[in-house]
Amino acid sequence: MAEIELRHVNKHFGPLQVIRDVSLTVKDREFVVFLGPSGCGKTTTLRAIAGLEDIDSGDILIDGKPVQTLRAAERDVAFVFQNYALYPHLTVYENMAFPLRAVRMNRAEIDTTVKSVAGSLGINHLLKRRPSALSGGDMQRVAIGRSLVRRPKGILLDEPIGSLDAKLRETMRVELKRLHVENGSTSIYVTHDQVEAMALADRIVVMHEGILQQLGSPADVYEYPANMFVAQFVGSPVMNMKTADMRETAGKVQVSLDGTDVAFDFPSELAGKLSAGKAQKDQLMLGVRPEGVLISRDAQDGYVELVAGIIEPLGSHDIIDLKVGDGILRARTKSAYVSAPGQKVWARIDPAQAHFFDATSGISLGVRF
Amino acid sequence: MTSLITTLDPRSRAASRGWSDTTIRNVFVIPTVAFLIIFNVFPLLYSLGFSFTDFRASSKAQVNLVGFKNYVDVLADPVIWRTFTTTLWYVIVSVTGQFVVGFGLALLLNRPLPYKGLLTTLLMLPMMLSPVVVGLFWKLIYDPSWGILNHALGLGRVAWLSDANLALYAVAITDIWMWSPFVMLLSLAGLSAVPKHLYEAASIDRAGKLYTFFRITLPLVAPILLIAVIFRTMEAFKTFDIAFVMTGQPAAELISSRLYKMAFQQWQTGPSSALAYIILIMVLCITNIYVKYLNKAKER
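Chains A and B are the protein sequences, given in the same order.
Note that numbering that gives the first Met the number 0 numbers the first sequence so that position 53 is 52, with each residue one more than the last.
Note that numbering that gives the first Met the number 0 numbers the second sequence so that position 39 is 38, with each residue one more than the last.
No lab work stands behind these hints: they were computed from the structure.
Straight-line alpha carbon distances no greater than 27 Å define the calculated BS3-like cross-link-like pairs of lysine-lysine that follow:
no.	chain 1	residue 1	chain 2	residue 2
1	B	K195	A	K127
2	A	K127	B	K297
3	B	K291	A	K127
4	A	K64	B	K208
5	A	K166	A	K333
6	B	K237	B	K138
7	A	K127	B	K295
I would like the entire structure built from these sequences, with the hints used as guidance.
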């Protein structure tokens, strides 16, 4: 098992820069998830670590040794492909034995290793089948098995469960987590699905346009997004993002949204905190997740009267659109808390769950209550 | 919207050009089928009839049914057996040669190369020529006194085409030169159809170049290689024009030359029809073996 480190890695595809000065360290036995929309450079970064893609500049180190000049075979990392890349003409057993046979391990040893790994994945009964006779989930198990048999220094997974259906994805997610706990291998996992990232990762790396946006634990990334991109990419439904206007009247601090009269109360420390974060008054964005918008059916002190729009019942909770000027503010409530669109409700923004950003740079101003 | 539909639906596109299914049937399908029946199916059945008679196309003598006598005679003829073994050896040498050269060229071409398209086209020229033309100019190349081959190799006066030991190989080399591009073309199609991610997976799995070639490339290209080999074996078995034009050396006499002589020089129409049917059955048997392998290879 090993530590994987990137130092100032850059990579271009023609004129397009797909990795921009990415530096990070994946600690031994850590499970790191690269998260980002498609085309953000996450898969390219992963392939560069594996040796399937050359980098233009920078260093890739595995256990402190630079490997960027080594071929994929010499880096001792396994790779799980999104499309599984199983050898179609070989049986499951032969597929899993392939990495061991390639280095001429003896037969008996191959046999025990393959069978024990197959056992832990629950695919012992499939060993004689060919990949074409397997379901998507089983193909993925075999692909993962093939990466595990050789006990590599690290396992790189490129959207391994991306092409499975939703139900199976959930099962496989749990299985992957269990395997990681059992094997403790250093893992890097690429996905565009933030739920998968939150569920699996020890740490999440959010990428966008080739740039590392934020590196932190799932809770960090969710609760303290470093910028507007991370704030809106992580979390479902998407975080509300509104231009904000702070007003101080008679010792009371209020923030109005989208240039409307709808103004929410905030603690009076906000002014100080914003100026400490060097906020420009006309460049302020307020982000708040739907669960940070508190709703009441009755008028309450500090609550603003709003009208409910569309209601999405999601079983465990409802997502409600509240009309703010021409825009909407989405809030999360208990199921059936608001009965019908058009109903009057009272809302408040929980300051502890509010995020302030600089509108131009998109960077978080670090205001916390 | 109308224009979108017309471009997307091939039927309506054909219809817009005035080609209805009936027209296509009348103009193309019916003439083709009629042609095939008249020039292929009818002679095939007619000659099957001849093979059981003592008919001679050159005489007006009465034609008698002789049962399987022609077949028995042909199979008992030592000269025919000799040409059979010669043909078999020729098929093995020629097809192996075409396979090695063609697949080798395909491997070389299946990588980034400057002027790859031009190179591929040039390499395919031989198979676009007429076999008789190829036979004739290779005859010049092989010429013992002033042929360029002996000159270039500094061999003196090797009589390639009249030497009993060399004539067959000389013809086989010509056939290899002519038909390797065909194997190359099919192999190239097979090689470029191997998904790139399998090579990536193999490189991650620490497989070396040779191991990757024998464990990934070859098995995946095998079905299409087999198809190439089936075609070439069938064709090589029937080789006539090249060999006939190039050499009259009896040691290099192939079965189709024998058949030609029996049918059109000695006018033994009955026995030669029987021989033709025996050749057909043999080619079918050999092809069948390949097809079995092919189906096995395709199962995976």
